[in-house]
Amino acid sequence: MAKILLEMKNITKTFPGVKALDNVNLQVEEGEIHALVGENGAGKSTLMNVLSGIYPYGTYEGDIIYNGEVCKFDTIKDSESKGIVIIHQELALIPYMTIGENMFLGNERGSKFKINWNETNDRAAELLKTVGLKEAPQVLIKDIGVGKQQLVEIAKALAKNAKLLILDEPTASLNEDDSKALLELLLKFKKEGLTSIIISHKLNEISYVADKITVIRDGSTIETLVKNVDDISEGRIIKGMVGRELSDRFPKREKKCVTDEIMMEVKDWNVNHPVYMERKVVDNVSIHVKKGEVLGISGLMGAGRTELAMSLFGKSYGHAITGQLIIKGQEVHLESVQDAIKHKLAYVTEDRKGNGLILSNPIKINTTLANLDAISKNAIIDKDKEYAVAVEYKEKLKTKCPTVEQNVGNLSGGNQQKVLLAKWMFAEPDILILDEPTRGIDVGAKYEIYCIINQLVAEGKSVIMISSEMPEILGMCDRIYVMNEGKMVGELAGSEATQEIIMSHILKADSKGE
Amino acid sequence: MNKAKTLEFIKKYTMIIVLILVTALFAWQTNGNILLPMNISSLISQNAYVFILATGMLLCILTGGNIDLSVGSVVCFVGAIGAVLMVNFKVNMWLAILVMIIVGTLIGAFQGFWIAFVRIPPFIVTLAGMLAFRGLSNVVLDGMTVSIKDCTTFVNLFGGGANCYIPDFFGGGSINLTCVFAGVLATAVYVFIQFKNRATKVKKGYEVEKMPTMVAKTAAMAAVILALSISLAMHKGIPSVLIWVLIVVMVYGYITSNTTVGRYFYAVGGNEKATKLSGINTDKVYFLAYTNMGFLAALAGMVTIARMTSAQPTYGQNYEMDAIGSCFIGGASAYGGIGTVPGVIIGAVLMGVINLGMSLMGVDQNWQKVVKGVVLLAAVIFDVVSKRGGKLMANK
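As they're listed, the protein sequences go chains A and B.
For the first sequence, the numbering used here gives the first residue as 541, with consecutive numbering after it.
For the second sequence, the numbering used here gives the first residue as 513, with consecutive numbering after it.
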């Protein structure tokens, strides 16, 4: 048996209110490619952040044993000096710097007072050759494609003398050829003795390159599958990823709310990326939602769900949006958020802190922001009415706060989510698009949010729920669309759907696309 | 519990407490001179432009810590145009006022257009404006001073010259009875509004402040108004410029706290993306902030030339800094979204008191600048650190 290069023992990491990792164990042998798989939010990235020192020693429990010694990393620099280098899913390159400058950023050649550019570019050229990138080190990052940028990241890691390379979703934004090349590169490095940990959703790729596969679920390690010993077929991996019991974590709806009346219909909807304008993020999507229905849109992160929702919501995202939008039988053109609100559409963002709430303002101001007209007359706000409205919704949604004068920034995630919901419920929409409505909030608050959703459909509203948490989609939705890489790849009745079916829809589409 | 309450109280009223302490300090150092009616009256007249500009600047800062560097030059330019019109072209005073207002507002709208719709950083647009309008002022005035001494009505109306006080209708002697009367009336109205609001709230069953707290607050405010009016009455009466300042402060105080538009300024500064996704046109908010700044700069321009009874190409220098400083000292956040008109006025008064106090003490001009700089830095450090829960270092 080869030498164990890395061992992570009983790692537990808690965030306020959430246990992200619970006694996770991971063993990586020298010279192997080790894959980490799991659903979104299972804890893969958190684990790697612990390993690389992004969460410094002391903020988690457990031990990291690397090369036979216990490590206590305070910063990324500490882990990098030992040869542990992480490449994040979001590339960390600076567009207006050259390839060479980027590769040695924070690791500059030469002395403190004079950068040795000759050495920088020489060494960069050498490493670029190793990773098989035919570009000069003097080329600006912005001028090369994403696939090449990914290779620059790897070359950058090699420049730091990486012994253990961690790749978080390295092929997520690459096309088929680039992905293939990258995987071959990893295999080549493996032969040269480099150890890597790869996080990926693309199970076909994992089966191809990985020697061992560790499955993480709900912050715990479930199992480690070894190539040529265990069955590592995709079906087997999926079972490990999703195989949990559904208990009654979801409130039952009193009576069936779904009607036959179609509330909103979207036909042939196309959206391009607002910056990379030729890239299509929503590709010919057609969906509909009925009155009183909870419609789920499932898919992995980056599938284009948020982009679809926001482009529907008064074109608040995207470029070159085409398609037909029909609300209550009437075709509408929503050119702005104002239009969308007027047509009784609401979008509750997945990013409540960034896009949803004004954290420095009190609950009452946040509650009324999307519908100030309802509490004002001739543009003069009736503050007493505002207060009354805020209190009404606070009680209705059971928001836990001392008063509605409290700043939203001081509330817990679950209560912030309730304020955000209150804000959009006060706008009196007929159709609510809830984007990841329970992300990062505890189980109790989740249950309450589900109750609110039930109440909304009971009132005859339609709810479109976008969620990466499959149990939630399965537990709550009457009907489910599966989205992948901008396309709708499946439609299922809530009753017939299982996690395996949804996953296989996504994966089938993935392998078809490649 | 009590300690926490005291801390909360200090945090909420820091600048008022500082203002009282600083005033007391100067009163002691100047043997009470700073509290003489004459000095209080001149404190108001000297700083009128700061009150007006700081109110406008607050709206810009609310949108996200954005500042307007051009106001000093715009003040000068508008003043120059007015003076030239009235003196060289003998244009009717009211027409000149109208032209000045229009020019100022148009300049604001011009800058606002680039900032709001084209999204050129405000710092750059207004820096360009600062240079351009300073130069244009020189062009308009031909590099000379234009005296408006003879336009007495204009000068008196905007608070300059010897007769810039509201005349005493009761023809009293050493005390201006009109001023006293106005003070008493204002106090009565203020107290009445406070109690009426409270009564409505009680009737509708909303939360109200505890009676003693409210009485104490109202009494303190009433005392300030009365003391001020009596003090002014003992000098020559109400300076006419105070009327302008009061109108601006009250109108903008109301807009920022009670109207939907006012709410938008805070929302944009608090979280622009969330505001946009709430169906509010954020571009318009920026546009409005800078257009309005131009409008108020025009008003400040009139006040400035009236007080100086002339227009000169050097007027208005560093006015933007006085306005910006007052906002930050008065509790506006350098990141936007936080700040009130009353707070800014207290900031401006504090700056004014420091200026006046040091002048009375005979402190060297250069040292005065040092002190003002230190006060500004200290105020913003306090603001940032207190919001971080008392932690001094950001990343420790």
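There could be a bad hint or two in this list.
Restricting the straight-line Cα-Cα distance to at most 16 angstroms, the calculated cross-link-like pairs of lysine to aspartate or glutamate (EDC-like) are [unchecked claim]:
no.	chain 1	residue 1	chain 2	residue 2
1	B	K716	A	E932
2	B	K708	A	E570
3	A	K1048	A	D808
4	A	K923	B	D876
5	B	K713	A	D922
6	A	K622	A	E570
No lab work stands behind these hints: they were computed from the structure.
Against the structure, the hints:
For the given pair, B/K716 sits about 14 angstroms from A/E932 by alpha-carbon distance, which is consistent with the 16 angstroms threshold. Taking the CA atoms of B/K708 and A/E570, the gap is near 79 angstroms; set against the 16 angstroms cutoff, the hint is violated. For the proposed pair A/K1048 and A/D808, the alpha carbon gap of about 22 angstroms is over 16 angstroms, so the pair is violated. As the CA atoms of A/K923 and B/D876 are separated by approximately 49 angstroms, the hinted pair breaks the 16 angstroms bound.
With a C-alpha separation of about 12 angstroms, the suggested pair B/K713 and A/D922 falls inside the 16 angstroms cut-off, and the hint holds. Of the pairs offered as hints, the one joining A/K622 and A/E570 holds, with about 14 angstroms between alpha carbons and a cut-off of 16 angstroms not exceeded.
In summary, the numbered hints that this structure violates are 2, 3 and 4.
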